[in-house]
Amino acid sequence: MMNWLPENVSTYGTDMDAVMHSIWNIVFVWFLLAEAVLFYFLIRYRKKKGQRAKYKTGNSLKEMSWVLIPAAIVLMFDLGIDFYQNPVWKKVKIDIPQDPDLVVKIEGQQFVWNMTYPGLDNKFGTIDDFKTTSQLYVPINKKVVFELSSKDVIHSFWVPNLRLKQDAVPGRVIKGWFEAVKNGTYSIGCAELCGSGHGMMRGQLHVLSDKEYQDWVYKKTPKKAKKALEAAADSQQENSHE
Amino acid sequence: MSSSSILNTNPTHEVEQTTCLNVPNHRWGMWWFLGGEVAVFGGILAVFILFRLRNPEWAQEAAHTLTWVGSVNTVILLTSSLTMILAHHFVTGGGAQGLTLEQRASKGALFILLTNLLGISFVSLKIYGYTHEWHAGYTPERSLFWGFYYFMTGLHALHLIAGLVANSVVWVNLMKKRNLQRVESVGIYWHFVDLVWIYLFPLLYLEVSSGG
Amino acid sequence: MSKKQSFLTKYIFSQDHKVVGVQYMILGLLMALVGGYLAYVFRYQLAYPNQSIPGYGVLEADKYNSAVTMHGTIMVFWVAMPILLSGFGNYLLPLMVGAKDMAFPKLNMLSFWVFFVSALTLISSFFVPEGAVGGGWTTYPPLMANPGFTGVGWGAPLWILAVALEFASMLMSGINFLTTTITMRAKGMTFFRMPLFVWMANVASLIFMFSVGPLIAGALMLLADQLFAVGFFLPEKGGDPLLFQHLFWFFGHPEVYVLLLPALGIVAEIITVFSRKSIFGYKMIIYSVLVAGVLSFLVWAHHQFVSGIDPRIAAPFGLTTILISVPFAITMFAYIASLWGGQVRFSTAMLFAISMIVEFLLGGVTGILNGATASDIYMHDTYFVVAHFHYTLFPIVFLTSFAGIYFWFPKIFGRFMNETWGKIHFWITAISANFVFLPLFFVGIAGNHRRIYDPSLFEHLKDFQYLHVISTIGLFVLIGAQVPFILNFFISMFKGKKATENPWEANTLEWQAPSPPGHGNFITDPVVHRWPYDYSLENTEKDWCPQTEAI
Amino acid sequence: MKSVEHHSISFYITIWVILMVAIGASVYLGSIQHAHLATLLIFSVATVKAILVANYYMGLSHEPKYITLMLLVGVLFIGLLFVGLIPDIVYIYGK
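Chains as they are written, first to last, in the working numbering: chain U, 1 to 242; chain F, 243 to 454; chain C, 455 to 1005; chain X, 1006 to 1100.
Treat the hints as calculated values from the structure; they're not laboratory data.
Among the hints, erroneous ones may be present.
List of simulated lysine to aspartate or glutamate pairs, EDC-like, C-alpha gap at most 20 Å [to be verified]: (1) U:47 with C:873; (2) U:54 with C:997; (3) U:48 with C:995; (4) U:151 with C:690.
Per the computed footprint, the stretches of chain F lying under chain X, defined by three or more beta-carbons under 8 Å from a beta-carbon of chain X, are [claimed, not checked]: (5) 322 to 332; (6) 429 to 441.
Note that the Cβ used here is the ideal one computed from N, Cα and C, for glycine as well.
Looking at chain U on its own, in the form it has when it is part of the complex (with noise of 0.2 Å):
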């Protein structure tokens, strides 16, 4: 049922992955056998003439054992399953990279995303920073931590393909962080209920090769600030010459 699941180009989305379809497969077994015992039981036990039921009570501890240690290999399994994904949560969630690549800032808004990018210095809050509506851009295999938060109600940032869910709550910012390894335009889309445009709050993440992403920041920078980089970096130039 899990090869349903879109394309994966995260690189935590491979974990994510192999939880979901070991989850899938110990929950789906268990799910037959139950369903098998249960309609082994309603064919093998159907009413016969003349014939009577057994007085069980299951009250003995020697009969509920038919119970309990079915349910004890379930809750092994349950166990199982929790230390086996926890750290893959904790990689998503709490373990974000201090050493980015790249830091976008998203801000949800009904019913569009817009994201902040800090330009070609990499800084926030200096003259080239840049906004896109609704188009998230980022360079291939780079480590992207992302700062979320919204202007309005609750939204919650949502791209299939990259595995990744984060709401984005009012009041607060919220940092998560992916790494795509696919070039490619993949859709984005809130998962939250936000209001009458919730159905239409659509962006689309493309993913490109380092070079197309470089070229596409430096088209994005408004000239402006090109110029006055150029500037300053001509006149570092200068200075360094003296």
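Got chain U sorted already, so can you dock chains F, C and X onto it with the hints?
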């Protein structure tokens, strides 16, 4: 005087009154009801304390509530609890033998009346406090502390007013010498409202400069 | 002894627990029609986006939100709660413990009429300017706290008012259930001789009572935000939107078990009668349900893993969530084991009860994928979750209610429902339900998030539109299958085959009273000598043994 | 049947006097400088008051212990809610 004989003095009861562990129906019902109420007020108090810990500066806001109103109201409310328990005390025979139904009912009615008078003074003083604070500019607009203040005390006051109504019904009952066991039910409820106030008072009226 | 009652006091303003129970059931079934109609409307939109819907017209995006919100609200609070807990609870609980009526009959009547008013309030919100609320049944602020965000005028406060009244009504019922069970049991009816349904209804009432308080507080705070912009949940005023989510789910998750437990009780009564077998591990089931009840207060944040909570507290909540599967695994295994060595008779009621277990199992196991923190990042708020909880709630609410209605109909009305039509109803319902909900697992895994009114707008979902079409056609069949039920219900009420006192040869006390029981229930006060599951005792002639029979 | 326990009027008045003294103590404690100590003491006093009211006015002391237990379970669940909320409401993760 046993509880069953109190119940038997009620000539109009329709349902068979039964007990378990010596606790009659109406008291079980009241305790279950309070089980629910504990969760309501417990939830509110928990949320307020959390916000109070989040905002240490609310201590300064608490300094602007009228502490004397809160203190006097605490005295009034605890005293009304005394009159309420005395009403119950007399209705159930007051430990003394030989009180007639009429005597018990009329003494109970008197103390219920006293309780209600105290309750009404509580509400009046509360209204005085509200108007005073509101006109001094301490509205929910100022900070969320005041939102909590009006919300929590308001909800408490609504409970108290509901108690006043219930007490009045019981008072009418007592004047007709009926349903004497109801004094106990409304009493338990009244003390509970009192109990909530015991925690609201220090949380909202006493200014302590670090968290609550 | 009793004075002659007018029609009004006997059937409308009745204090008789049986009439109140039936009133709850019928009002719940009527509300189910409203909820079903809403499901029809938005499922049609999902399968055939932006086309005119027969019987509605074109569904706009904001009305779509209203439709899903009201569908969820109605199905949980105005269908599941009244039918399962208040309906069956009111009707059966006093009978099963051998009482003449509830402990507080007037309170009982009041609870129904408060519920009635709450239903009217909710329905009226469809007709106020700007229509019913569209903030989701979870009503998360700030969307629901600030009228500017929702575009909903009167709908939101009316929603809160209706829910508050409904909670008040359910609390009154709960007080009645608990008190009746404690004080009014028949002679000899010890706690461990009570039928499982009585246990389940009481544990459910307790869970409800302890969990609903904080949400009542939260709802009032939300109302204050809506009407006076106080800002408990608005960050710009110092409030916190996450607070409401916590308060909601602190109630919301236990609420799931408030619905599940009475359903499990009903199923237990039915499978034992029709397999002529004792329940397997009576005390074991009771203790696991009690454990689950306590655990249910420790799992609430699993609804909020990606909602911006501190990610470090997700791990403990994930663990408790996965652990709560153990007591329910015990219960489910015990139910299956109850059939072991039995003589299963496939009446309509039994078929529905078994189909409840069959379909609930899939809903149960898929819950693990939502409870495990890592996979929930992906699954949260997708159709996978929708499919998961419909696979639990549909069996709990509908399959179980149908089972209960077919089973207790002879007791309630003194006549049988038609079995042939019942089986037609069963097969179409049980099978078409899978066509409705199974495709939703697949679209969910494919990445379809919830509450979007037109999935085909998303590039990655365009290929899966056919699954929505299958689901919607399944729903048409499912709704159509209810016509024979409704006709069967009303025709059998007057024309059905007459039933004797104990037509299914069952043990519990309600079957020792006349069918239908008169005012005061029993002709002679029952005295209980044994537990309710003595079926097929050895060395006895008949294969059942009523609780009143001396040992 | 066991009879309802009765305290004398003077007993109820004694409780009332203790409660009055406790109110005075709370108000006084509200004005002292040592904040942490004051908070601790004020809420201890409030709890003493609450226990007195619950036990002797509401009559919990002569009810079966199951009822107290039931109410405490309610309080315990609220305590769980409180603990679960601390990370999100008191501290804001990432701030």
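Now the hints, each set against the structure:
Note on residue 47 (chain U) and residue 873 (chain C): the hinted pairing holds, with a Cα-Cα distance of about 17 Å set against a maximum of 20 Å. Distance check on the hinted pair: residue 54 (chain U) and residue 997 (chain C) sit about 10 Å apart at the alpha-carbon level, within 20 Å; holds. Note on residue 48 (chain U) and residue 995 (chain C): the hinted pairing holds, with a Cα-Cα distance of about 17 Å set against a maximum of 20 Å. Restraint check for residue 151 (chain U) and residue 690 (chain C): satisfied, since their Cα atoms lie roughly 10 Å apart, inside the 20 Å limit.
Residue count for the region 322 to 332 of chain F with a Cβ under 8 Å from a Cβ of chain X: 6. That meets the three needed, and the coverage hint holds. Here the region 429 to 441 of chain F counts 8 residues with a CB under 8 Å from a CB of chain X, which clears the bar of 3, and the coverage holds.
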